[in-house]
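Here the structure of chain W is known, so what remains is to put chain L in place on it, guided by the hints.
Protein chains: 2
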Amino acid sequence: MFSIVINRCWAMYSYKQIDPSEYRVLHPRPAYLIVSRNGSGRLNVMAASWVSPVSEEPPLIIVAIGRGSLTREYILETKEFTINIVGEEHLNLTFKAGTVSGRSVDKWKMLGLEELPSKYISVPGIKGSYGFIECVLNKVVEAGECDLLFCEPKAIHVREDLYTRYGWDLKKAKILLHIGGRAFTIPGKLLLAEKK
Amino acid sequence: MFSIVINRCWAMYSYKQIDPSEYRVLHPRPAYLIVSRNGSGRLNVMAASWVSPVSEEPPLIIVAIGRGSLTREYILETKEFTINIVGEEHLNLTFKAGTVSGRSVDKWKMLGLEELPSKYISVPGIKGSYGFIECVLNKVVEAGECDLLFCEPKAIHVREDLYTRYGWDLKKAKILLHIGGRAFTIPGKLLLAEKK
Numbered sequence: 003m004f005s006i007v008i009n010r011c012w013a014m015y016s017y018k019q020i021d022p023s024e025y026r027v028l029h030p031r032p033a034y035l036i037v038s039r040n041g042s043g044r045l046n047v048m049a050a051s052w053v054s055p056v057s058e059e060p061p062l063i064i065v066a067i068g069r070g071s072l073t074r075e076y077i078l079e080t081k082e083f084t085i086n087i088v089g090e091e092h093l094n095l096t097f098k099a100g101t102v103s104g105r106s107v108d109k110w111k112m113l114g115l116e117e118l119p120s121k122y123i124s125v126p127g128i129k130g131s132y133g134f135i136e137c138v139l140n141k142v143v144e145a146g147e148c149d150l151l152f153c154e155p156k157a158i159h160v161r162e163d164l165y166t167r168y169g170w171d172l173k174k175a176k177i178l179l180h181i182g183g184r185a186f187t188i189p190g191k192l193l194l195a196e197k198k
Numbered sequence: 003m004f005s006i007v008i009n010r011c012w013a014m015y016s017y018k019q020i021d022p023s024e025y026r027v028l029h030p031r032p033a034y035l036i037v038s039r040n041g042s043g044r045l046n047v048m049a050a051s052w053v054s055p056v057s058e059e060p061p062l063i064i065v066a067i068g069r070g071s072l073t074r075e076y077i078l079e080t081k082e083f084t085i086n087i088v089g090e091e092h093l094n095l096t097f098k099a100g101t102v103s104g105r106s107v108d109k110w111k112m113l114g115l116e117e118l119p120s121k122y123i124s125v126p127g128i129k130g131s132y133g134f135i136e137c138v139l140n141k142v143v144e145a146g147e148c149d150l151l152f153c154e155p156k157a158i159h160v161r162e163d164l165y166t167r168y169g170w171d172l173k174k175a176k177i178l179l180h181i182g183g184r185a186f187t188i189p190g191k192l193l194l195a196e197k198k
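Heads up: the protein sequence lines correspond to chains W and L, in order.
Be aware that the first sequence starts at 3, since it is given in my numbering, and climbs by one per residue.
Be aware that the second sequence starts at 3, since it is given in my numbering, and climbs by one per residue.
Some clues are possibly wrong.
The list makes no distinction among identical chains, and a pair is therefore deemed to hold if it is satisfied within one copy or across any two copies.
Cross-link-like lysine-lysine pairs, in silico, DSS-like; alpha carbons within 30 Å at most [as the list claims (entries may be wrong)]:
no.: 1; residue 1: Lys109; residue 2: Lys174
no.: 2; residue 1: Lys174; residue 2: Lys98
no.: 3; residue 1: Lys129; residue 2: Lys191
no.: 4; residue 1: Lys129; residue 2: Lys18
no.: 5; residue 1: Lys156; residue 2: Lys111
no.: 6; residue 1: Lys121; residue 2: Lys197
no.: 7; residue 1: Lys141; residue 2: Lys81
I should point out that these hints are in silico values taken from the structure, not numbers from a laboratory.
What you are looking at is a predicted structure, and each value in this text was computed from that prediction instead of being measured.
This is chain W alone, in the form it adopts within the complex:
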């Protein structure tokens, strides 16, 4: 009965075809700040939302990074970076980090960032972020105009006031999700699926 009712409604919708490169169909998705450091100790920061866990045991995360980016150069040099989880209050910071190149300006200084020390690697997190993951590069796989960086998370630090045993407390943690361009959103109401 359930499926019959649903299907009667579904029959009304019409679909249109859009370009296969329209990646925004897979957005909104979390936006992160990636911090990297080169061999001379210079820090850089960029925004990225093409990031995903890909394995739990052992834990592995992938980050897709444009082949021409300074962050990619730094990570290939030192094999270390941090993924910083950010929220609504980091909206303008994240957009700026994602639209200015570290080749033309010292973004770390320009954005007034301060370091949160890492435990296992030499690259810091960003003070005030919701949390950050200490990542060590594991392998690199070519993927079109990007390189896919496989990384091993060595440690995860989260703000004590925002993270519970069930994950982020979304009443407090306004996790930033990127839609496209200047447009972002944050999680809205909580939905609980029926028990099996």
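Structure of chain L alone, referenced to chain W:
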């Protein structure tokens, strides 16, 4: 001035370390329904949120799939699948698709799904989904307990009433985001970053 004010607040937060396998730190993120078909024409469906665009030119998408899953078997056999974008109204459907194995039951029938025909591949989309991507398997890379499937999107179909030239119309498209377990959320308010 901006950064000084921010940093003064940031200094107050304290952080705790959590296990490096705590992938939920990268959630909430979109939940999708992956449809696959084996050589005999049997359809299967599963839920996945470890999915990401990884290149725009050429377009490439990755999907992380457990090595023991039936969906992985089917995709390796026929090299085709669809990624279906779903919303709040697909909450229970998505949770069920993600918690029942296709080895023990015909999930397609159990869930009362109907086919939306694809244009280029033999695997259909799901009628009533917000949209779906026709995917052809490009390569497979091992990633811990999962295989990372690289796919070429051959066509994307979206519901005409939900998709605009700027992407999903989030006033209407309640894109389903997975938090963990039975908990999901949908995008809330729109945030616009300041112009540069």
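Violated hints - listed by number, lowest first: Violated: hint 6 alone.
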